[in-house]
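K.L.:
Sequence:
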Amino acid sequence: MHEKLKKPYNPKETEDKIYKLWEDSGFFNPDVCIENGITKENAEHFSIVLPPPNVTGNLHTGHALMLVIQDIMIRYARMQGKKTLWLPGTDHAAIATQSKVEKILEKEKIRKNDLGREEFLKRVDKFAKESHDTIVNQCKKMGASLDWSREAFTLDEERNMAVKTAFKTMYDDGLIYRGHRIVNWDPKGQTVISDDETIYEEKKGKFYTFKYGPFEIGTARPETKFGDKYVVMHPKDPRYKDWKHGQKITVEWINGPIEATIIKDEMIDMEFGTGVMTITPWHSHEDFQLAEKYKLDKEQIIDKYGKLLPVAGEFAGMKITDAREKIVEKLQKKGLVVSIDENYINRIATAERTGGIIEPQIMLQWFIDVNKKIPSRNSKSLKELMLEPVREGKIKIIPNHFEKVYFNWIENLRDWCISRQIWYGHRIPVWYKATGNKSEIYCGLESPNGDGWTQDEDTLDTWFSSGLWTFSTLGWPDKTNDLKTYHPTSVLETGHDILFFWIARMILMSQYLLGEIPFKNVYLHGMVRTADGKKMSKSLGEKAIDPLDIIAKYGNDALRMAMVVGNTPGNDLKLNENDIRGYGKFSNKVWNASRFVLEQTQGLDINNLPKLDEEDLKSEKELNDLLTEISKEMDEFRFSIVAEKLYHYFWHTFADVIIERSKKKILENKNSDSTKSLLHAHLMTLLKALHPFIPFVTEEIWGLLPNKNKRLLMVEKWPANK
RNA sequence: GCGCGGUUAGCUCAGUUGGUAGAGCAACCCGUUUACACCGGGAAGGUCGGGGGUUCGAGUCCCUCACCGCGCACCA
1 MHEKLKKPYN
11 PKETEDKIYK
21 LWEDSGFFNP
31 DVCIENGITK
41 ENAEHFSIVL
51 PPPNVTGNLH
61 TGHALMLVIQ
71 DIMIRYARMQ
81 GKKTLWLPGT
91 DHAAIATQSK
101 VEKILEKEKI
111 RKNDLGREEF
121 LKRVDKFAKE
131 SHDTIVNQCK
141 KMGASLDWSR
151 EAFTLDEERN
161 MAVKTAFKTM
171 YDDGLIYRGH
181 RIVNWDPKGQ
191 TVISDDETIY
201 EEKKGKFYTF
211 KYGPFEIGTA
221 RPETKFGDKY
231 VVMHPKDPRY
241 KDWKHGQKIT
251 VEWINGPIEA
261 TIIKDEMIDM
271 EFGTGVMTIT
281 PWHSHEDFQL
291 AEKYKLDKEQ
301 IIDKYGKLLP
311 VAGEFAGMKI
321 TDAREKIVEK
331 LQKKGLVVSI
341 DENYINRIAT
351 AERTGGIIEP
361 QIMLQWFIDV
371 NKKIPSRNSK
381 SLKELMLEPV
391 REGKIKIIPN
401 HFEKVYFNWI
411 ENLRDWCISR
421 QIWYGHRIPV
431 WYKATGNKSE
441 IYCGLESPNG
451 DGWTQDEDTL
461 DTWFSSGLWT
471 FSTLGWPDKT
481 NDLKTYHPTS
491 VLETGHDILF
501 FWIARMILMS
511 QYLLGEIPFK
521 NVYLHGMVRT
531 ADGKKMSKSL
541 GEKAIDPLDI
551 IAKYGNDALR
561 MAMVVGNTPG
571 NDLKLNENDI
581 RGYGKFSNKV
591 WNASRFVLEQ
601 TQGLDINNLP
611 KLDEEDLKSE
621 KELNDLLTEI
631 SKEMDEFRFS
641 IVAEKLYHYF
651 WHTFADVIIE
661 RSKKKILENK
671 NSDSTKSLLH
681 AHLMTLLKAL
691 HPFIPFVTEE
701 IWGLLPNKNK
711 RLLMVEKWPA
721 NK
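Taken in order, the first sequence gives residues 1 to 722; the numbers are from the numbering used here.
Fair warning: there could be bad hints in the mix.
[Claimed, not checked] List of simulated lysine to any residue pairs, SDA-like, C-alpha gap at most 20 angstroms:
hint, residue 1, residue 2
1, 319, 357
2, 688, 573
3, 330, 346
4, 394, 369
5, 204, 373
6, 7, 373
7, 621, 500
8, 126, 57
9, 188, 399
10, 298, 378
11, 618, 672
12, 264, 289
13, 394, 45
14, 164, 404
15, 670, 706
16, 298, 203
17, 373, 339
18, 203, 407
19, 203, 220
20, 404, 500
21, 326, 313
22, 168, 570
23, 211, 256
24, 589, 445
25, 611, 652
26, 664, 645
27, 665, 715
28, 206, 133
Keep in mind that the hints were calculated from the coordinates and are not lab data. Since the structure is predicted, the reported quantities are computational estimates derived from the model, not experimental observations.
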């Protein structure tokens, strides 16, 4: 017997070596498996594209969880003989990465404008490259059986070609348009962001009631009110029944008298405040909609740096935060302040990445029209293309209650603003040329011929390139073999927090550009929390537990088990160091039981195993039944239950019952051949079944078994026929 | 306001067509028998958040209430 087995299992000394063994074998690449006769050429495919981690630093426990669950699926599929591809990559993450680098430069007292676009981008690329290397290294440490030969990056050349092609196709179909619309402007990041990138924070503030001619109006934002010349009330409000829609009145306002127009609309909540409000279409989504509805004038009050424009008169040039109190003071002097509520809870939209307070603005931006009927897609809109496959069950979301959340989101979806005023990202493939008083526009994969063309300065929302991920990684727009073989992918596994950001966008892009679904199943895991229930969020990077520390302490297999057992889809996981320690014991148990079996079965002719006695036959059947059961559960993505069953069977049936029983039988030399035969067969089978969950220790033991013709455990056949 | 989830043993959580409540950890008792003390054996522990209903039978289905968490919209 191998000397190694005589000592306790040492994950630290084993894991890197095992990963190298796997990597060197080339079996992470399905083509190699086919070449070696492990996978049949015509076998069913199983593919997952790795949700690409952002190149903003280290992987956290959330990534570890995603890698563990996907690795289990992939290893299971590979052992079943499927053509199995797990495709890795990283995400340039546009705003997230750019703002991270800006923060780093800030410490050196460097601003991005001092560097200029080109030089700044060099800095970002360098940072991204370093993050990328860290991430790849971490993925390997975690045992992920990813096909590194196919690695992709959302901002590399191939993906850039996919992005440009997608943009042009949508542009030509009239789905992408440029227009003046109200958008979420982040004055801090100096860019537009999408609705999904805003986070609402509750803050205690003041709520003012002002006299506005014969009315009293409420507002939390006096600084936007300069240009308010429309006063709105509900058509059925009896208090204001004498006022007519369209009626004009003159009111004394901040900087003197203005002419106001009465608007009656049902959007007004009669119960709220006085049931009257004035509107600021340039700086409010709702007011904008109302203004569009009645074709009202819109006027900009605040510039893109958060300062007041000349319309504010004496306040022009002031920052809105400074101006607020002064405006109220002035109104007070004019006797126009009715009351001030000091305990008003206001929800303030902030930018996810920079924390800047969002100022809605009307701006010229690029949008994707989600409602336009598309001739080439049976006159369906993008919204419909997103809804359909989920509604019809072609895409299954696990757990399925997220389907309702998904539908709800799509039904409320507005046109997607895809342009960003940042430098890091895919440049919009549109060029402009001014000739005389005419302006030409060109959209294409390359810059147009001729002089005088300048490319749009903006870049694309990072989720635009992410949306293409399931097929841009497989070579699209080229009609590659990979694309034919592995798309639609089998499963998309990710956190439920990016259901809208990403999953919805992937369905949109794939349905529209390929006319097929991007994946058949969506498996949503929960958020990883600390033992005291705190969220280990991305932005808290440094504070979160480093999965690599845990692995160094207890081993990878222990972390994997702790992340799988008791963790069901969609539910948050409290990661408890105690549990991880407990599962570390399991690896050792497997190790020790293997040692015992090897000791007892030395000299056993494994090619001609002795017959089992009645008792052992019963045990054999029991294990077979278990395997049938868990294979079904594996197919249903119920990994938690499978891991628990295997754990339990190995420890409390194989070790506690069968091994204990065998000791007696061998000692008394009663059917000892049968028992040895059973020990051997059981161990072989259990190592295989456990491999997707605890790949390192099982592979290490497998390598120590005295079987000459064996391959790596990772490509052995899954031990059950369904 | 609309919607979703959760509430099961001290703790963390499983429990898939409704059929006598489960695991891990912790705590308790016994045991150091040569695979393993990173061990074995044993016992204990729950009116499955409250109330109501359907059913021969409900943790599981329906209604309702409470508390916790989350999402979306609105907040003029």
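K.L.:
Hint by hint, work out which the structure violates, then give me just those numbers in ascending order.
P.N.:
Per hint list: 2, 3, 4, 5, 6, 7, 9, 10, 14, 15, 16, 17, 18, 22, 24, 25, 26, 27 and 28 violated.
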